[in-house]
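Protein sequences, first through last, are from chains A and B.
Here the first sequence is numbered in the working numbering, starting from 1 and rising by one per residue.
Here the second sequence is numbered in the working numbering, starting from 347 and rising by one per residue.
If you are wondering where the hints come from, they were derived from the structure by calculation, not from laboratory data.
For every residue, glycine included, the Cβ atom is placed at its ideal position computed from N, Cα and C.
Take these hints with a grain of salt, some might be off.
Quick partial rundown of chain A residues pointing at chain B, CB under 8 Å, derived from the structure [what the hints assert, rightly or not]:
1. V214
2. K226
3. D269
Anything over 12 Å on all C-beta distances counts as not near chain A; from chain B, calculated [claimed, not checked]:
4. D405
5. I410
6. K412
7. I429
8. V449
9. S455
10. E482
11. R553
12. V587
13. A590
Residues per chain are reported as follows:
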Amino acid sequence: MALSEVKRKERIDRPIKVHSDDMYVLASFKTMLYLAGPRIFPALTLLIIPLLVPSVYTVRVVIASCVIAMLAMNFDFLLHSVGLVSLGGALFFGLGAYTAGSLNYYYGINPYITMPMGTLIGAAIATLLLLPCLPLRGIYFALVTLIFPLFFSKIIEATLILGGTDGLIGIKSMVEGFPHPFDLWIEAYLIISATLLTLFTLRRIYRCTDLGLVLNAIKDNDQAVKASGINITLYKALAVFIAALPSSFAGAYVTHLYNWVGLSHWSLDYSILPIAASVVGGMGTIAGPMLGSFILVPLAEYLREFGSLRVAFYAMALVAFIVLWPEGIINWLSRKYHQLERWVKV
Amino acid sequence: MSSQLILEVIGLSKSFGGVKAVDGVSFKVRKGEVFGIIGPNGSGKTTLINTITGFVKPDKGKVIFKGVDITGKPPHEIAGMGIARTFQTARPFLRLPAYKNPVVPLYSSRARKMFLGRYGDRDHVALDLLEEVGFERDSLTPYKPAGTLPHGYLKRLELARCLALKPEVIITDEVFSGLSAAEVASIMPLLEKLNMSGITLIMIEHRLRELFRLAERVMVLEYGVKIAEGTPSEVVGNERVKEAYMGTEVM
Chain A
1 MALSEVKRKE RIDRPIKVHS DDMYVLASFK TMLYLAGPRI FPALTLLIIP LLVPSVYTVR
61 VVIASCVIAM LAMNFDFLLH SVGLVSLGGA LFFGLGAYTA GSLNYYYGIN PYITMPMGTL
121 IGAAIATLLL LPCLPLRGIY FALVTLIFPL FFSKIIEATL ILGGTDGLIG IKSMVEGFPH
181 PFDLWIEAYL IISATLLTLF TLRRIYRCTD LGLVLNAIKD NDQAVKASGI NITLYKALAV
241 FIAALPSSFA GAYVTHLYNW VGLSHWSLDY SILPIAASVV GGMGTIAGPM LGSFILVPLA
301 EYLREFGSLR VAFYAMALVA FIVLWPEGII NWLSRKYHQL ERWVKV
Chain B
347 MSSQLILEVI GLSKSFGGVK AVDGVSFKVR KGEVFGIIGP NGSGKTTLIN TITGFVKPDK
407 GKVIFKGVDI TGKPPHEIAG MGIARTFQTA RPFLRLPAYK NPVVPLYSSR ARKMFLGRYG
467 DRDHVALDLL EEVGFERDSL TPYKPAGTLP HGYLKRLELA RCLALKPEVI ITDEVFSGLS
527 AAEVASIMPL LEKLNMSGIT LIMIEHRLRE LFRLAERVMV LEYGVKIAEG TPSEVVGNER
587 VKEAYMGTEV M
């Protein structure tokens, strides 16, 4: 055999990665594709699904996954950028939902204005509410964020403001007057693009900006940040506001999707499910929680066939995920991806 | 003798439960001097610093910085006025590359005022600061994660974090602890240089020999109470101090 035909295996990322973990040398389109593929491919898949399968059921499952994904990314961002354990998914979600809902119900404002307003106002109210609790750490902050949604739902239930237990019925749909596949597509692409925007923005803030740097430093060592002349409460508040934006948007969006806002928008599901999704997907990556949501929500839908047994199956699946992939699916996937090999001539 | 006061502490007290960690301590620090604080373990040196820099609220007493009462202000405001401090156990941001460490304080409003005309060159300022505290600029050291650096560099990193605030006073909490003799020898000239550039140094120290070479005046604490103050030679000769350090039997 001629020497030139001797082949050996080589890891694809070997020539791309040089020495240090985060320095790359871009040599060709192939290597660029190798690096960008894991980012572009899932995004494209997500964008194509509603076009390929324009059935109401499929699209609604995608939408539900996106909603949980936005809440899960918020949880992950707060935990891994500033180290705040937030169980406040329901708080951000409910505030966004009720703000957008009431603006439309009482003042008749167009859904395309109430949604951004609900996002901003909801996130701002949430930040103001949590502001006094920001010096709290760990479990104490988590408890406060958990209590607020319960507090709001009980207040609405007891005083019958904002529609009371029935909720506000007859909120305007965001797709009124559009013909069939288009209404679905508008609904789907609005939330999909918002989800992707959240994903890439949060990742960018977390990894590449100096804001992320300061937040990370607070998580690492808040005493040294205080000694650096930085008001850490202010930065924590900023992080909460950033994280609350997508969640509040999800709330405002769902209000105009189902043309209704009610007590179930404060439901604990919106706090707990995103955390389960984060654990399954892989925490600290922002993309992991999103992946987790896209596994758990369709799984929950699929299990509906089993009637009341579904919760048991769901729980078993959760345990299986956590036992088999304790590092989180995305970390496992990314490790395997970096270990891919190809044949090269010696 | 320049007698311009920069920091004045009057009757500062702090107790934790029944323990009086700092008990009515008063002292004055003049601008541009090196002031040492020594004392046996548990004599309240670190608590004193924590109270001055706002990490712990004092029970009684006053801290006056350049004529302004700063007692009980939050740490970031005190740092923002120009009092920087290091921590006893070096606390850099371990997962960040070394040169990103001083970038964090460059985000404070004080650094914004003192340093940067325009946005975006914080990394350069940070690299300059690292060079100032003795990082080799052209090596890989400034780019390594802070957690992987040797101890001596971590102490330098702490000083760089302080310098990012363009401080008037730097309070060091046992900056020599855990360092080898060679490392101490290389940090000494750095501290001298900082002092020459007009920064007032307040140093808590266990290594008395090194401290006495730098400090003009030294204060001795025991059980939270000031037992002596004066030049190093005065303090060393003080009977009370000998007792505190070596027990009553003096050889």
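Hint check:
no.: 1; hint: V214; verdict: holds, 5 Å
no.: 2; hint: K226; verdict: holds, 4 Å
no.: 3; hint: D269; verdict: violated, 34 Å
no.: 4; hint: D405; verdict: holds, 21 Å
no.: 5; hint: I410; verdict: holds, 19 Å
no.: 6; hint: K412; verdict: holds, 16 Å
no.: 7; hint: I429; verdict: violated, 9 Å
no.: 8; hint: V449; verdict: violated, 6 Å
no.: 9; hint: S455; verdict: violated, 7 Å
no.: 10; hint: E482; verdict: holds, 18 Å
no.: 11; hint: R553; verdict: holds, 23 Å
no.: 12; hint: V587; verdict: holds, 30 Å
no.: 13; hint: A590; verdict: holds, 29 Å
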